[in-house]
Amino acid sequence: GAVVSQHPSWVICKSGTSVKIECRSLDFQATTMFWYRQFPKQSLMLMATSNEGSKATYEQGVEKDKFLINHASLTLSTLTVTSAHPEDSSFYICSATKGTVYNEQFFGPGTRLTVL
Amino acid sequence: KNQVEQSPQSLIILEGKNCTLQCNYTVSPFSNLRWYKQDTGRGPVSLTIMTFSENTKSNGRYTATLDADTKQSSLHITASQLSDSASYICVVTLNYGGSQGNLIFGKGTKLSVKP
Chain A
2 GAVVSQHPSW VICKSGTSVK IECRSLDFQA TTMFWYRQFP KQSLMLMATS NEGSKATYEQ
62 GVEKDKFLIN HASLTLSTLT VTSAHPEDSS FYICSATKGT VYNEQFFGPG TRLTVL
Chain B
12 KNQVEQSPQS LIILEGKNCT LQCNYTVSPF SNLRWYKQDT GRGPVSLTIM TFSENTKSNG
72 RYTATLDADT KQSSLHITAS QLSDSASYIC VVTLNYGGSQ GNLIFGKGTK LSVKP
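Going down the list, the protein sequences come from chains A and B.
Count along the first sequence from 1, then add 1; that gives the number in my numbering.
Count along the second sequence from 1, then add 11; that gives the number in my numbering.
Source of the hints: derived by calculation from the structure; they are not laboratory data.
No residue lacks a Cβ here, since even glycine has one placed at the ideal position from N, Cα and C.
Fair warning: there could be bad hints in the mix.
To be verified - No more than 20 Å apart at the CA atoms, straight line, and that leaves these computed lysine to any residue pairs for SDA-like: (1) A:Lys-42 to B:Gln-20; (2) A:Lys-21 to B:Gly-52; (3) A:Lys-42 to B:Arg-53.
Stated by the list, open to error - Residues of chain A clear of chain B, computed beta-carbon distances all greater than 12 Å: (4) Ser-10; (5) Ile-13; (6) Lys-21; (7) Asp-66; (8) Ser-74; (9) Thr-76; (10) Thr-79; (11) Glu-88; (12) Val-116.
Could you build all of it, start to finish, from the sequences and the hints given here?
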């Protein structure tokens, strides 16, 4: 199998606080992990690509100081939304690849962030 | 510009009926095309993956086709069930010689299956 989990599944926080979201590959070692954001009725938008032991690569327009990514092991990546604001409220989804021939990405269940 | 267009935007069908979702893409260089099912509030789940040389691939009641010449794909759902209600997303991967993050997402087709 190729199971990816996220924690928490939903979180509500006050404006100005920081929120950490975990992404774990449960039954495989992920060569690369990705973080996406999805607004209602929109496509998933790639935020950053994360490789274990190295700095994440951020997409254009994504603030790396606001969205901190740590990829400490081959099975865990974390996304920290710092000083969250209501406009950061979104559905955050991670994915992981395990180096198959298709380089298929296996998606986590997502985390719903609501900033009040 | 690399784009993936899906149609229809939304679709309502009766339980037991068949339906076909369309995906047109202008993506180059092409690596593969995937169809995902995304339930509301959940992450996408892969249904099929097809490379350039594959014309059709089935996964249970889901059958995907790919015409690489016209850059079109379709997803056919047979004998729909209430649990098929979800968004279906067409995703094309760019072939950048090993790069793994170059997915171009369609906006999805929201399917509602009614009893």
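Evaluation of the provided hints:
{"no.": "1", "hint": "A:Lys-42 to B:Gln-20", "result": "10 Å, holds"}
{"no.": "2", "hint": "A:Lys-21 to B:Gly-52", "result": "19 Å, holds"}
{"no.": "3", "hint": "A:Lys-42 to B:Arg-53", "result": "13 Å, holds"}
{"no.": "4", "hint": "Ser-10", "result": "9 Å, violated"}
{"no.": "5", "hint": "Ile-13", "result": "15 Å, holds"}
{"no.": "6", "hint": "Lys-21", "result": "18 Å, holds"}
{"no.": "7", "hint": "Asp-66", "result": "21 Å, holds"}
{"no.": "8", "hint": "Ser-74", "result": "18 Å, holds"}
{"no.": "9", "hint": "Thr-76", "result": "17 Å, holds"}
{"no.": "10", "hint": "Thr-79", "result": "17 Å, holds"}
{"no.": "11", "hint": "Glu-88", "result": "20 Å, holds"}
{"no.": "12", "hint": "Val-116", "result": "17 Å, holds"}
Checked against the numbered hints listed earlier, the structure breaks hint 4 alone; every other hint is satisfied.
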